[in-house]
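Engineer: Residue numbers (our numbering), protein chains in the order written: chain A, 832 to 1105; chain B, 832 to 1105; chain C, 832 to 1105; chain D, 832 to 1105; chain E, 832 to 1105; chain F, 832 to 1105.
Read the hints as simulated data drawn from the structure, not as lab findings.
Worth double-checking, as some hints may not be accurate.
Claimed, not checked - Only pairs whose alpha carbons sit at most 30 Å apart, straight line, appear in this in silico DSBU-like list of lysine-lysine:
#, chain 1, residue 1, chain 2, residue 2
1, D, 1074, D, 885
2, B, 920, A, 1074
3, D, 885, C, 885
4, B, 885, A, 1074
5, C, 920, B, 1000
6, F, 885, E, 1074
7, A, 885, B, 1074
8, D, 920, F, 1000
9, B, 920, E, 885
10, A, 920, F, 920
11, E, 920, C, 1000
12, D, 1074, C, 1000
13, B, 920, C, 920
14, C, 885, C, 1074
15, F, 1000, E, 1074
16, F, 1074, E, 885
17, F, 1074, F, 885
18, B, 885, B, 1074
19, E, 885, E, 1074
20, A, 1074, A, 885
21, A, 920, D, 920
22, E, 920, C, 920
23, F, 920, D, 920
24, D, 1000, A, 920
25, F, 920, A, 1000
26, B, 1074, A, 1000
27, D, 1000, C, 1074
There are 6 protein chains.
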Amino acid sequence: MFYTDNRLQFPVRVERPNPLFARALQQAIGGVEGEIRVAMQYMFQAWGARGDPKYRDLLLNTAAEELGHIEMLATAVALNLEGAPLGLKEQVSSDPVGGAVLNGINMKNLLSAGLSAMPVDSDGVPFNMSHIYASGNIAADMGANVAAESTGRILAVRLYNMTDDPGMKEMLQYLIARDTMHQNQWLAAIEELGGNEAVFPIPNSHPQAEENTDFSYAFLGFQIDGIEMPQGRWSDGTSIDGKGTFEMRPMEALGEEPDLGRARPNSGAQSEQL
Amino acid sequence: MFYTDNRLQFPVRVERPNPLFARALQQAIGGVEGEIRVAMQYMFQAWGARGDPKYRDLLLNTAAEELGHIEMLATAVALNLEGAPLGLKEQVSSDPVGGAVLNGINMKNLLSAGLSAMPVDSDGVPFNMSHIYASGNIAADMGANVAAESTGRILAVRLYNMTDDPGMKEMLQYLIARDTMHQNQWLAAIEELGGNEAVFPIPNSHPQAEENTDFSYAFLGFQIDGIEMPQGRWSDGTSIDGKGTFEMRPMEALGEEPDLGRARPNSGAQSEQL
Amino acid sequence: MFYTDNRLQFPVRVERPNPLFARALQQAIGGVEGEIRVAMQYMFQAWGARGDPKYRDLLLNTAAEELGHIEMLATAVALNLEGAPLGLKEQVSSDPVGGAVLNGINMKNLLSAGLSAMPVDSDGVPFNMSHIYASGNIAADMGANVAAESTGRILAVRLYNMTDDPGMKEMLQYLIARDTMHQNQWLAAIEELGGNEAVFPIPNSHPQAEENTDFSYAFLGFQIDGIEMPQGRWSDGTSIDGKGTFEMRPMEALGEEPDLGRARPNSGAQSEQL
Amino acid sequence: MFYTDNRLQFPVRVERPNPLFARALQQAIGGVEGEIRVAMQYMFQAWGARGDPKYRDLLLNTAAEELGHIEMLATAVALNLEGAPLGLKEQVSSDPVGGAVLNGINMKNLLSAGLSAMPVDSDGVPFNMSHIYASGNIAADMGANVAAESTGRILAVRLYNMTDDPGMKEMLQYLIARDTMHQNQWLAAIEELGGNEAVFPIPNSHPQAEENTDFSYAFLGFQIDGIEMPQGRWSDGTSIDGKGTFEMRPMEALGEEPDLGRARPNSGAQSEQL
Amino acid sequence: MFYTDNRLQFPVRVERPNPLFARALQQAIGGVEGEIRVAMQYMFQAWGARGDPKYRDLLLNTAAEELGHIEMLATAVALNLEGAPLGLKEQVSSDPVGGAVLNGINMKNLLSAGLSAMPVDSDGVPFNMSHIYASGNIAADMGANVAAESTGRILAVRLYNMTDDPGMKEMLQYLIARDTMHQNQWLAAIEELGGNEAVFPIPNSHPQAEENTDFSYAFLGFQIDGIEMPQGRWSDGTSIDGKGTFEMRPMEALGEEPDLGRARPNSGAQSEQL
Amino acid sequence: MFYTDNRLQFPVRVERPNPLFARALQQAIGGVEGEIRVAMQYMFQAWGARGDPKYRDLLLNTAAEELGHIEMLATAVALNLEGAPLGLKEQVSSDPVGGAVLNGINMKNLLSAGLSAMPVDSDGVPFNMSHIYASGNIAADMGANVAAESTGRILAVRLYNMTDDPGMKEMLQYLIARDTMHQNQWLAAIEELGGNEAVFPIPNSHPQAEENTDFSYAFLGFQIDGIEMPQGRWSDGTSIDGKGTFEMRPMEALGEEPDLGRARPNSGAQSEQL
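Turn these sequences into a full structure, and let the hints guide you.
Structural biologist: Next up, the structure:
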């Protein structure tokens, strides 16, 4: 169950409203690297977490935090849209540096939302909940979260580098710091689960005897003749999960050309296929 | 540039076609954990890879491999649909165990594709390319790939546990092994980039002095009064990136209730908001 | 800012797990009539609410409530999936009434989420955030909320009629009651804004002198010759907004056949169009 | 069955083509507040309307009208794209006011449609038919239609305020007037069904004895300690449906922390979860 | 402008309602091969048709026809859902042949639409308007229409083969015949435009001197060494557009390995990429 | 199975990077007319091709070619984004011609991909795999491919006309030529299958005696009284498939107004509908 206090988690201040920056901030709300994604992802992971309940609590706690981040960013979008042109005439005069302001905004922030934030990305594409990765496997979920917080922090850094509004920079410094923590936090959860050697390959509950072990630690090359395979840590030495030794070999087709036979009558194919 | 030889990477054999298993296999083709996703993800990561070219080559090599996996799975879907009912009458008699076969298939595999595979998931939802994570940051990309291969192997294991067709089990043992390798391979790439302490926080090119360091390694609690914060590796000790020390504290709102003021005339609001 | 206490808003109890009912419940989570929709809709309306702040607080309060409803339903889905078959063999024997259980589930609840809830609807389609209606007009928002709670309560009633599990019926009786309140609550907000005559037409800030008043209260008929126009409250008497009188008349085309002229060279048209 | 006469319902005239306004108009075609949505929504509501047939006829009649509105807007988009630049060079010289014209258009209107309209919104996102709300409950449908026409008229007003082209203003004055009528028309249908007290709570066919009446008219507070609940018409007095009395009380969790137990073997979880 | 007469274009009669067939019919409404698609496609093509107005009229005429087909199919879906179970208990007894009826329906037809049709496909996926192909090139549009009517007729034939309800077979015989006509009609339009030699390559307004003519009529082989290229009409003889001669040759990479250089500072990459 | 050699199929060279052109090129990657679409479409058609295997080989061969085209275009996008502004300040000074560069880019190319290509269209909308048309009918597939290559070449021509960068023009001349070949190639496949008279109506395996032949070659008019039907090759003469004679007649409704009766109790309708 969730509660609210109507206040912002961290102050949101905009000194020089910029509608183009409002558009960029939308990516941190409704982009696939954004805050709706992590908030909902942590919730659904929590609601499907079987086993030790501490992971459920950990996930719900951070989900609540992320809800507050969406709120901060939505407020920042609305504040950056203050003063944006509502008419085509208005926009020319309000545009001393030569760019037409309306060109650069998500039109829907004006037309659909009346100068407010929306759950869309920086090109106006609505967030799609298929991006909520919650696998029922606690280690995979933690890995997905490290990945989400990595792209999240990259995005926050790009936004930070884009603006020179002091209020926005301050807000983003907070969000970047939280992403630092969250990357570390989910990595810590993997360590709590035993670290890479205990955790991988995910799922660790599948007996490796029931995989085709000839191929479990082989880097296979799919180059045509005469092209070299790329070498690195992945081609040599003990595997990261500690359960095998990397090797490297070119691959060739082990199967035949498949043959699906003739089409069935009544299946809507051409007569020539029957 | 890509080439083909018309053959299958690994043999695909179905002893007892099962339309319901065809539906399940679709998840491995067009699901968010599926092979289209990794094939295209590795390609786009490669095409945006700046810096050391070996990562580009590594990514393209594995992309080519994954294309062959889609092909194997698409063949497996078509073979499992052999003999599926084309009519409502036919289905009753062909259904000794009591379940109506047509109930359990993705109807589109019959109606749209004529008993063949489609780029959709196991509930018939088309794959959406927003799931191609390619960030321009090589470490984040590797992390996204570990995550993708983790959910991919979980899915393959679930499919393996679902079927008892020997041909299908054999094919899945191969794919599970490849996912083992790929999890290790991308983890190896992170090690090649210096390991967790060099790589995190991602992006490592942002000076941490420019984040709000008060919040960089603090586990913040968002519980209402009287509820305990979840403890673990994340609440104590050196952070995983080696750059801070975890601490734990309850959070309270640092900002005020936001005030967007009155709506502007001509903005489509109600008069009462102006 | 949001908080949590890890507990459920209302008890969730399942006596006889039913995977098909789990599928149906998904509609109340990720369907367009579902709880993610209202939770996020009320948040975005709050974050764009200009004018009297009490509407912001009202919206955030109910958003927090709805988050707890998603949580209850996600728990209900997981509990209904307890004991669902993981294999094709298992399913036959576990299916005394003749239907193949796996046929009836959202396959992704098993394959992607490991027998847990997902942010998808009852056919496995992910929720899409374009359904978050937040217009920047407080009256339109309240109307959208009445509509959302109406379809929400219809859905809850259909689910209630579908199940005979006592625990599920109890949970749904709670949710149905909350939808009763929320329908009334948003209607009350419209009354607080002055009721239908003050509020409509939305937006009430547009001077009606600047619409084509010939057409403002006329029911226009688009039937071919000889077909009667449907009569009712809409064809006669004072309009509901109190600002006009309904009349009824057949419509005929007032414009000509449009002519876009020839295509431009270099525009990719056929030569014949130039 | 439908007929056409090739003519426009109302004249469409553009004096000064403006590609940026073409983009804005797209929202009224393919946006969620747009005309495709209402045209298709009224059709599907009609085709599922059980009970008194006059509602079916009413809906089909207005659907036919809305088809003509899409046609008008599509023509307006094409006329506004007349003269838009086809090349990057061309655009500089054609851009005296300083904004790069191509920046501001939906690129697809040029690249995909050759300077014509598309069924997409003002940011180029295709319309998605999940927005067709047709519930099988005639009262809920009427409410959804009031909501749709409310956001529709807000959008038309915003477009009206954006342009100063006399032809476009004239067309929009017609469309705004029709939205006035349609808001009133669907409200009139609710009155025909008995008005708020007869209609609500929707569906009115569910016996209220079978909801948890303790919660049917209570405004529940989800604030943390010390934060006040928002007061208004919703917290006091007779409910709008006339069937209860509003009251206000803080909410606390009535359920426990949920426990999904251990994961099942073969379900793809980590060993630690089993 | 469009008109209606409330009647069905052709009689729709269901003798033995079958909810599973209702689900299949949904594909013909909201599938990519369905009637919404062609109706809307022909409209948008008409509204963007520059040049000879007869194509606009032709397209609008057929669009009006297709609207009536959606109506017929929506009615057929509702009639096939008559008597479908509303409860889990009810479904067992109503299911003599052993399949659980609810398993086989689009759950949303019940939960969202109350036993009526929806603009979704046979797996419950909403139609997406990106499938409206309207290119601004009249010949390409005609070709897209031939393709649409081809998959449309395949679908209708598959539905015809699936059912043995006499009313449904009669309705489908009508729709199959109309698809025959429409395939021929759009092919006739291509002939009216001059036939394959005049029309191709599309667009015929681009001077072929400005393409790389070395590659205009060459079948390039992308096989690895030792695999033969597929031969046929495409590898030999005059090209279909009459403007070249087919030849066949293996392809090899003409470009180098691309090099995007180092990443820029501030671009969110890892330090190692700078 | 697929292979790669890391090289580009054809040289990709950009003399004057232009971020706006990068955005336009995205349409050729992730637009519905783009290269991902054809690459994946040809693969799925191949994997479902029953009957003569030469079509499978033909399709796979061209699929491999198209993968290389995506690669070329992705490289072109990245090269055109070289030097794009990363900050709002930077953009003003870098914008001599008056348009704000950031206005015109897909923001996600910067924020999500770090100045690289993405699988999205020119307005930032991700490619959706529902556009992969693979029907199980080889003739319908060939027709769909002609259509895809037609819109593909139109798009390439529009891009060619948009740019004056010599490198980009050279690359597009190659791609336009390949589209010429591919249009001819798929038309040749239709000829190989017997040409229009053998192939149509698709599917040719359905006995035409089982369609309602009264309507198979009739152009039906859906105009209201007094409006003429459009005449052309489609209204007179032998049909294109050689199996009938075109005629032309106005259509009138052959069915009645449908009646779905009363709603069922428990179906969530209003009492008035029962």
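Engineer: Please go over all the hints and tell whether each is borne out by the structure.
Structural biologist: Evaluation of the provided hints:
Distance check on the hinted pair: residue 1074 (chain D) and residue 885 (chain D) sit about 29 Å apart at the alpha-carbon level, within 30 Å; holds. Between residue 920 (chain B) and residue 1074 (chain A) the alpha-carbon distance is near 53 Å, which puts this suggested pair outside the 30 Å criterion. With a C-alpha separation of about 41 Å, the suggested pair residue 885 (chain D) and residue 885 (chain C) falls outside the 30 Å cut-off, and the hint is violated. Of the supplied pair hints, the one linking residue 885 (chain B) and residue 1074 (chain A) holds, its CA atoms being roughly 25 Å apart against a limit of 30 Å.
Our distance criterion of 30 Å between C-alpha atoms is met by residue 920 (chain C) and residue 1000 (chain B), whose separation comes to about 14 Å. With a CA separation close to 25 Å, the supplied pair residue 885 (chain F) and residue 1074 (chain E) stays within the 30 Å bound. For the hint linking residue 885 (chain A) to residue 1074 (chain B), the alpha-carbon distance of about 25 Å falls within 30 Å, and the restraint holds. Restraint check: the Cα-Cα separation between residue 920 (chain D) and residue 1000 (chain F) comes to about 14 Å, which is no more than 30 Å; the hinted pair holds.
Of the pairs offered as hints, the one joining residue 920 (chain B) and residue 885 (chain E) is violated, with about 46 Å between alpha carbons and a cut-off of 30 Å exceeded. Taking the CA atoms of residue 920 (chain A) and residue 920 (chain F), the gap is near 24 Å; set against the 30 Å cutoff, the hint holds. For the given pair, residue 920 (chain E) sits about 14 Å from residue 1000 (chain C) by alpha-carbon distance, which is consistent with the 30 Å threshold. Note on residue 1074 (chain D) and residue 1000 (chain C): the hinted pairing holds, with a Cα-Cα distance of about 22 Å set against a maximum of 30 Å.
Between the alpha carbons of residue 920 (chain B) and residue 920 (chain C) the distance comes to roughly 24 Å, so the proposed pair stays at or under 30 Å and holds. Restraint check for residue 885 (chain C) and residue 1074 (chain C): the C-alpha separation of about 29 Å stays at or below 30 Å, so the hint holds. A hinted pair counts as satisfied when its Cα atoms are at most 30 Å apart, and residue 1000 (chain F) with residue 1074 (chain E) qualifies at roughly 22 Å. Distance hint between residue 1074 (chain F) and residue 885 (chain E) is fulfilled; the C-alpha atoms sit about 25 Å from each other, no more than 30 Å.
Pair hint residue 1074 (chain F) plus residue 885 (chain F) holds up; C-alpha atoms about 29 Å apart against a cutoff of 30 Å. Our distance criterion of 30 Å between C-alpha atoms is met by residue 885 (chain B) and residue 1074 (chain B), whose separation comes to about 29 Å. For the given pair, residue 885 (chain E) sits about 29 Å from residue 1074 (chain E) by alpha-carbon distance, which is consistent with the 30 Å threshold. For the proposed pair residue 1074 (chain A) and residue 885 (chain A), the alpha carbon gap of about 29 Å is at most 30 Å, so the pair holds.
Taking the CA atoms of residue 920 (chain A) and residue 920 (chain D), the gap is about 24 Å. The hint holds against a cut of 30 Å. With a C-alpha separation of about 25 Å, the suggested pairing of residue 920 (chain E) with residue 920 (chain C) holds against the 30 Å cut-off. Proximity of residue 920 (chain F) to residue 920 (chain D) is assessed by CA-CA distance (about 25 Å); at most 30 Å being required, the pair is judged to hold. Using a Cα cut-off of 30 Å, the hinted pair residue 1000 (chain D) and residue 920 (chain A) holds, with the two alpha carbons roughly 14 Å apart.
With a C-alpha separation of about 14 Å, the suggested pairing of residue 920 (chain F) with residue 1000 (chain A) holds against the 30 Å cut-off. With a C-alpha separation of about 22 Å, the suggested pair residue 1074 (chain B) and residue 1000 (chain A) falls inside the 30 Å cut-off, and the hint holds. The straight-line distance between the Cα atoms of residue 1000 (chain D) and residue 1074 (chain C) is roughly 22 Å, inside the 30 Å bound, and the hint therefore holds.
Consistency note: the structure conflicts with the earlier hints numbered 2, 3 and 9.
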